[in-house]
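2 protein chains.
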Amino acid sequence: MKTLRIVELIKSDAVDCDVTVKGWVRTKRGNKNVAFIALNDGSCVASIQVVVELAKFDDETMRQIATGACIRVDGRLVKSPGEGQGVEVQASSIEIYGTADPATYPLQKKGHSLEFLRDIAYLRPRTNTFGAVLRIRHAMAFAIHKFFNDRGFYYWNSPLITASDCEGAGAMFQVTTLDLNNPPRTEDGRIDYSQDFFGKPCNLTVSGQLEGELGALSLGRIYTFGPTFRAENSNTPRHLSEFWMIEPEMAFYELEDNMELAEEFLKYLIGYALENCREDLEFMCKMWDKELIERLEFVLHNDFKRLDYTEGIEILKVSGRKFEFPCDWGCDLQSEHERYLVEEHFKRPVILVNYPKEIKAFYMKQNDDGRTVRAMDVLFPKIGEIIGGSEREADYGKLCARIKELNMNERELWWYLDTRRWGSAPHSGFGLGFERLLLFVTGMGNIRDVIPFPRTPQHAEF
Amino acid sequence: MKTLRIVELIKSDAVDCDVTVKGWVRTKRGNKNVAFIALNDGSCVASIQVVVELAKFDDETMRQIATGACIRVDGRLVKSPGEGQGVEVQASSIEIYGTADPATYPLQKKGHSLEFLRDIAYLRPRTNTFGAVLRIRHAMAFAIHKFFNDRGFYYWNSPLITASDCEGAGAMFQVTTLDLNNPPRTEDGRIDYSQDFFGKPCNLTVSGQLEGELGALSLGRIYTFGPTFRAENSNTPRHLSEFWMIEPEMAFYELEDNMELAEEFLKYLIGYALENCREDLEFMCKMWDKELIERLEFVLHNDFKRLDYTEGIEILKVSGRKFEFPCDWGCDLQSEHERYLVEEHFKRPVILVNYPKEIKAFYMKQNDDGRTVRAMDVLFPKIGEIIGGSEREADYGKLCARIKELNMNERELWWYLDTRRWGSAPHSGFGLGFERLLLFVTGMGNIRDVIPFPRTPQHAEF
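Quick note, the sequences are listed as chains B and F, same order.
Residue 154 in this note's numbering is what sits at position 154 of the first sequence, and the numbering runs on without skipping anything.
Residue 837 in this note's numbering is what sits at position 375 of the second sequence, and the numbering runs on without skipping anything.
Hints listed in this document are in silico derivations from the structure and should not be mistaken for laboratory results.
Derived list of chain F stretches under chain B, where covered just means 3 residues or more per stretch with a C-beta under 8 Å from a C-beta of chain B: (1) 498 to 505; (2) 560 to 574; (3) 876 to 889.
No farther apart than 30 Å at their CA atoms in a straight line, the calculated lysine-lysine pairs in the DSBU-like style are these: (4) F:844 - F:729; (5) B:290 - B:110; (6) B:146 - F:729; (7) B:347 - B:382; (8) B:267 - B:11; (9) F:608 - B:11; (10) B:146 - F:608; (11) B:267 - F:608; (12) F:494 - F:541; (13) F:662 - B:200; (14) B:110 - B:11; (15) F:473 - F:608; (16) B:146 - B:305; (17) B:28 - B:11; (18) B:290 - B:109; (19) B:290 - B:322; (20) F:473 - B:146; (21) B:290 - B:11.
Just a few of them, taken from the derived set where beta-carbon distance is under 8 Å, the chain B residues facing chain F: (22) 3; (23) 134; (24) 138; (25) 175; (26) 199; (27) 426; (28) 457; (29) 462.
Ideal placement from N, C-alpha and C gives every residue a C-beta, glycine not left out.
Work out the full structure, taking the sequences as your base and the hints as a guide.
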C-alpha cells in the first residue's frame, strides 16, 4: 500500500479506505478508552488525527507514543465526527520507528520562544512555525525559478570563490588552505600567497552581479540565485553573514524596463505565495503577524509609485515629521524615511530612481546632469528597501573615468571593462535578498528565523 | 514596438511585419550591393539573418558591423528565400550599441580550442558552444527544481560555512577574517580562533547531506541544490574545487525507494533535455560528440540493472578482461570497472548496492551480514558513477558504535546523533554532482567547460 503524505490524505476525497501514514507525534491526548494522536509529517502545517482504541494496543507501545516520537500507523481513513478536521485515521496497527524521551526531548507541547528555538536550530524545523516558514521558503525559491524560466532568463552561477573585491559591497571572508599557524612567507616576511590553493588571496563573493553582467552580455537575460557572504560584524535582526541573493541581469533593458520587471517579479512572488501557501500563511498570520495577509494583498493590488530621489527628498523635507536621521539631498535614505514614503505618504510601494552618484556604486549609468545615476530602489511597507538595482553604465570611457575618480583598482576589473570594449549593450539588473523577501512574506521579524542555519558573528553551529 | 528575442522570432509564424531585433554580430558577409549579418542574442544557438541593402546605409556604419559588435536592427520580418533559415529581417535602420575592433576582439570567426576559450572564460559564453552548454545547464537546473517540487520535496539550504568536517568527504577550504600576516595568538603560541569571525575555525562545506537529514526528519522530503567545495589538489578533467551538488533526502524511504527515485530522477532530467533543448543538443552532437543523443536515448529507454556489489565483483573477475586496477571484494570500483559493467556486460545503466562498509561513509545503514552497508551507486556509460547514495543508519546505538570504530569525533556530531535519539525514522538520500550530470548531458569532456567560471588549483580568475 502506497504511503500518502498527510497533505495528500487531508485533501483526499477518498474515505473508508485502508491507509498507511507515517510521521511524528505532535500531541497525544484522550481518556482511558481511546487516545487521539496528532500526527505530522512536515508536508503541511495541519496534523492528522489518529484514533487509537486502547483495548487493541499494549501499554508499552502506547507509553512510547509521546511528543516527538516517529511512528507508522496502518488503519482506516474515515470522516471525522469531531470538529477541526475532515478526516481521521482509525489505527489498526502501530509501529514505533523512533522514540522521544519526554525527560530529554526539548520540543514539548508548550510554546517556545524564538530565541530558545534559535539555540536548537537543528530541531526547530520540527515545529509548526518553522515548518511553515521553510515550506514558504521553498515555494518562493521555486516561484523565482519559474518566473525567470517562463520569461526566457537563464540561471547563471557566478563563482563563490573570487580573487577580486571589486564591487566593494562589503567586508569579505578570506578563503585559504594555508596553515595559519605556520604560513609560508616571502623573503620580505609577508604571507606567500603563491603557495595558497589558488596562487593568490581569495575571498567569498559579496555579489554575483559583475559576473552576471557577462552572462547578460552573451545570453541576453540571466539570473543568479545563490549564497552570498558579508563579513560585517553586524548583530541586527536584518543581517546574516551568509545569505541567498537573486540577481537578474538583462541586455537591452533600460531603467524603465528594469522597474517593470522588478514590480512584476515581486507581485508574481507574492501572488504565488497567496495561491500556493495559503494554510501556512494563515498560520503565520494567526501566530506571528495579524496583518500579514492584508499586507501581502496590499502590495499585490497596488501599482508601485515611481518617483525621483530628488522628489522623495522634497516630500520628506516638507513632511513636518521629525526624523532621527537627516534627509538632505545627497543623504542615503534610512528605513524611517523609506517607510514614511511608503506607509504614510503614498500608501503603496515606491520605486525611487535617479539617486546621487556619490551614494551609489561605480557601475551605475550616469545621467546627463552629472550628479545622479540611473539607480532604482524598491521600497516596501514594514521592511523598507527590498530591491536595489540600476541601469548599468555601458560606455567604456565613462565607466573608466568613474573608476579612476573613485581610486578603484582598474587593473583588477580588466575583464569587466572588456565587456564595454567589445559589443557593449544597454543593460540593467537588480538584486533581491532572498531572506529579506522571506521576512516580508512570512511576517517573521528576525532574519535568523527564515533560514535553516543562520550564520552571524560568533555563530556557525550545525 | 516590443523587442522579440531571436528564439521567438525564428519560431514565429508572423511574417511581413515590422520587428526590432537586438543582438551580437556573429558574421557579416555579402557582395557590393547587399550584406548578410548573422545576428545572435544568446536566446538560441541559431542566428537570424539580417539583410542590408548597402545603398541605404553609410559606409562608416557598415564598417563598424564586425564580428562581436552589438547592434539594434529595425526592419521587416519576411520569409527567407535562402536555404537554412525560415525567416530573415530586411533592415530599414541599424543602431550600433557597441563596436568590437577586429584587431583586438579575441572571438573572431574561426573556431577556437576549448583550452583557449578556458583562458577567456569571461567571453566564451558568447560562442555557440558555450551558449548551448549554458542554456542546457539552465534547463537542467530548472528541471531539477520542477522534478522535486512536483513530488512534494522542499528546497533546503544547508549552510556553506561550517564549523565541522564530519563527513570527511574531502579536504576543506578554511574561512577566516583573521589578518594572516599577523594573527592573534593564544599564550601557547597557537592561533587564537576565539577572535575569528565565528569564534572558532570554520570551513566551506563539502556536502550538505548531514544538515539535509535534519530537514528530512522534520519536513519529510527535502533536496539541496547548492555550491560545494573540495580543496583537493586534483588537476583532472573531472574535478572542480567549487561545484554544485543536488542532495535529496527522504524520510520513510528505504534503499529500494531510493533506487527508484534516482532512476526516475535521471530519466526525467534526460527526457527534459531531449524535449526542451533539442537544437542545443543537436549542435553539441554535431560539433563535439556524435553519439550524444543516442547515448541520452539509451539511458532514457533502458531499465537500470540493479545488482549487489558482490555480484558485480564476480562478473568482473570472470570477465577475462585485464584491468589496470584490482577488483577484489573490498576494493572500490574504478571507472574502468564501472564502464565494463555498464557498457559491455549489461549494456545499460547499473545500480550497484550493498558495498563493503570499509569503503563507504559512516552514516550508511549497516546490513545484518556485518560487512556491507545499504549503499547504492548509479553507474552510467562514458562517465561511470553519476550518483552515490544510501539508506542512512537510523539506529542510534549502531551509528555511535560505527563512529567510535572509525575514531571519529563523536562530540562534534552531537546534533546529528540527536536526530536518532529523538523521533528517528528510516530515511535515505543520494548526491548528484551537477557538473557530472552536465558532462553526460552536453557531451563535453572536461568539467571546466560546463560551468561559467571554473575554480581549480591555481585558477580563480574573473
